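Student: The primary structure of each chain is shown beneath.
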Amino acid sequence: MRNAVILAATSALALAACSKEPPAELPPVQETQAPVVRATPTPTPTPTGPVAGSQAHFATVMAGRDVIFFDTDKYNIDSQDAIALRAQAEYLLQYPAANATIEGHADERGTREYNLALGERRANAAKNYLVSLGVGESRLRTVSYGEERPAATGSNEQAWARNRRAVTVLID
Amino acid sequence: MTTRIALASLIAMLASSLASPLAAQGLTLPEEELQQAEEFDDDGEGLTVTVTADSWQDLGIAIASFATNENVPTPANAEGTQALGHELARVVYADLRNNGLFRPVGPDALPRPTYPQITAPAWGTWRGRSAEMLVHGYVRANNDGRLTVGCYLYDVILEEELVREGWVVSPAEWRRAAHKCADLVYSRLSGESPFFDSRIAYIAETGPKENRTKRLAIMDSDGANHRFITNGQSTALTPRYSPDYSKIAYLSYTDGNPRIYVYDIDTGRQTLVTQSSNPTFAPRWSPDGRYLLYSMAVAGNTDIYRVPAGGGASVRLTFSPAIEVGGSYSPDGSQIVFESDQSGTQQCYIMNNDGSNQRRISFFGGRCATPEWSPRGDQIAFTHIVGDFHIGVMNTNGRNMRTLTNGWQDEAPTWAPNGRIIQFFRTERNTGETAIWQVDVTGENERRLNTPVGASDPAWGPVLP
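Just so you know, the protein sequences line up as chains A and B, in that order. Last residue of the first sequence: 420 (this note's numbering), numbering continuous. Last residue of the second sequence: 692 (this note's numbering), numbering continuous.
Take the hints with a grain of salt, since some may be wrong.
[Said to hold, decoys possible] Label-pair ranges, simulated between beta-carbon atoms:
| id | chain 1 | residue 1 | chain 2 | residue 2 | range |
| --- | --- | --- | --- | --- | --- |
| 1 | A | Val379 | B | Ser503 | 12 to 22 Å |
| 2 | A | Pro344 | B | Phe591 | 30 to 40 Å |
| 3 | B | Gly483 | A | Ser327 | 24 to 34 Å |
| 4 | B | Gln460 | A | Ala399 | 21 to 31 Å |
| 5 | A | Glu385 | B | Gly670 | 44 to 54 Å |
| 6 | B | Ser547 | A | Gly384 | 28 to 38 Å |
| 7 | A | Ala300 | B | Arg674 | 56 to 66 Å |
| 8 | A | Val379 | B | Ala540 | 29 to 39 Å |
| 9 | B | Gly483 | A | Glu385 | 37 to 47 Å |
| 10 | A | Ala345 | B | Asp559 | 24 to 34 Å |
| 11 | B | Asp335 | A | Asp319 | 51 to 61 Å |
| 12 | B | Thr481 | A | Ser327 | 30 to 40 Å |
| 13 | B | Leu499 | A | Gly384 | 23 to 33 Å |
[To be verified] Counterexamples of contact, computed for chain A against chain B with all Cβ distances above 10 Å:
| id | residue |
| --- | --- |
| 14 | Met310 |
| 15 | Asp319 |
| 16 | Leu341 |
| 17 | Gln342 |
| 18 | Ala365 |
| 19 | Arg387 |
| 20 | Asp420 |
I should point out that these hints are in silico values taken from the structure, not numbers from a laboratory. From a predicted model like this one, the values you see are computed outputs, not experimental measurements. All C-beta atoms, glycine included, are put in the ideal place defined by N, C-alpha and C.
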């Protein structure tokens, strides 16, 4: 019963994107995410859907796993990030013509220049993980936006958690 | 550019030009002036000043309309040099009032001296208004189209001239003469170095928080002569004026990546600080303008580099796997204060200008970020992160840390050229609205600067030549 509700929720892209950070949701979402991850690697392109290998297709297939989140001032890849990055890698290996930009972001609770450096660290941490999974390094570009492109605009822990992120975007 | 006139020639010029207009203009009686002025004084802002023996801040300073030898048209003012003289005095008044150190009374509330009275003040008038100090000045249109502006500071009690100076300026730069006059008065009375005749580069911010437009902009130290430099199509951040004001180094996402460009103000052209595919940010000039520091991330690791401003090979100054970023030269150029998180959190470090002898200086609670060396050399301002962000100052050995501000997010201090005032920007919680503020190094006189739109990343340049 409870699992069914969670599964329905994770299928909604917006909610899945922020599944990691709100502490209240963490335990159940983590458990349900693994099966979802394994369910999607075999892409079943719908006739009218976005072109395979495009950003639109990637975002749809990733269903939120195109974004990974970090703790304050941190850039390490935790187990949950690894699950998302494995899904990204599988996609990129399946579509070898696709190239990607990994955007590194920070929350507003840092000084501007340090945040640019921190965004670099995060983008590169994600990139290195993808490369370790076999994605060609030349296919991956990184860019840091520091605190300049927040995904959530509030000034609270929930918003900051959503903004400490690395986003993988295919280059169309 | 202003031209400083030798005192002797200034006096000679003034004396010769006084000869004829004196008869034509005639002298206005002080009593008449007083009456006129009191009718004009509608806000009741008279000189009511209590003087304590050791506090020059409480000096009553009257800043009267600058007189002109002849009211003639000038590109600097549609109504001619007489109206311009009034505006000059208003700029001097605003500088000294906004600085917070004086309680001046401006030309709108004072009698207008005649041209001859500039060198022979009507002492009785000013004593009658309880003024202790008196600022007089004149403006004269020269045949070559430029303006001569004279500035005089008098001690009313002693009936004595304290200091005078004159400048020749183009009409477009008339405000600079007023700032020079304010600097003259400020320096003579406070014993501090001047700072009003200087400019500020900053980032103008508009639009929603998630998609903010950030443009490079410049303005005079009092907010006048405001100008946008970039159009906002790509995000601009963290500008720094070159010491001679000819260039601005800043970060732009012009090509989609964060990179430092050096923008030439005269030509409008800009060049990359270094040819590299790696992101570069946090530009800083050396005090002599010969070098630029920049921070560059290579494979995610940010370190500090130095490059000749005119181009050439870069020298890497830091080598740790941690983030080293920013940097600010000591005034003599021999040392650099910078931030690093090699201890686990952002802290402030000092190194020699070749990267040797790196050592941490901040050991108080919280984090130390964006350190800026005072132009006087004795202190370092920084962003003190203790949850909220405050502006702090400390000695160059990290001791005697003092917090100057108490906002939710105050960051990125920049020093006034005389090292007495610090500007920074304050971000409002949730809305993300930003504004430039300033505070005295004593922690007093905190105030917000007027800018046309939101404002961040202020960078105060030196006093103009």
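Student: Hint by hint, note whether the structure agrees.
Tutor: Against the structure, the hints:
no., hint, result
1, A:Val379 to B:Ser503: 12 to 22 Å, "holds, 21 Å"
2, A:Pro344 to B:Phe591: 30 to 40 Å, "violated, 53 Å"
3, B:Gly483 to A:Ser327: 24 to 34 Å, "holds, 32 Å"
4, B:Gln460 to A:Ala399: 21 to 31 Å, "holds, 22 Å"
5, A:Glu385 to B:Gly670: 44 to 54 Å, "holds, 51 Å"
6, B:Ser547 to A:Gly384: 28 to 38 Å, "holds, 30 Å"
7, A:Ala300 to B:Arg674: 56 to 66 Å, "holds, 59 Å"
8, A:Val379 to B:Ala540: 29 to 39 Å, "holds, 30 Å"
9, B:Gly483 to A:Glu385: 37 to 47 Å, "violated, 19 Å"
10, A:Ala345 to B:Asp559: 24 to 34 Å, "violated, 57 Å"
11, B:Asp335 to A:Asp319: 51 to 61 Å, "holds, 58 Å"
12, B:Thr481 to A:Ser327: 30 to 40 Å, "holds, 39 Å"
13, B:Leu499 to A:Gly384: 23 to 33 Å, "holds, 27 Å"
14, Met310, "holds, 21 Å"
15, Asp319, "holds, 13 Å"
16, Leu341, "holds, 22 Å"
17, Gln342, "holds, 26 Å"
18, Ala365, "violated, 4 Å"
19, Arg387, "holds, 15 Å"
20, Asp420, "holds, 14 Å"
Hint compliance for this structure: hints 2, 9, 10 and 18 are not met, and every other hint is.
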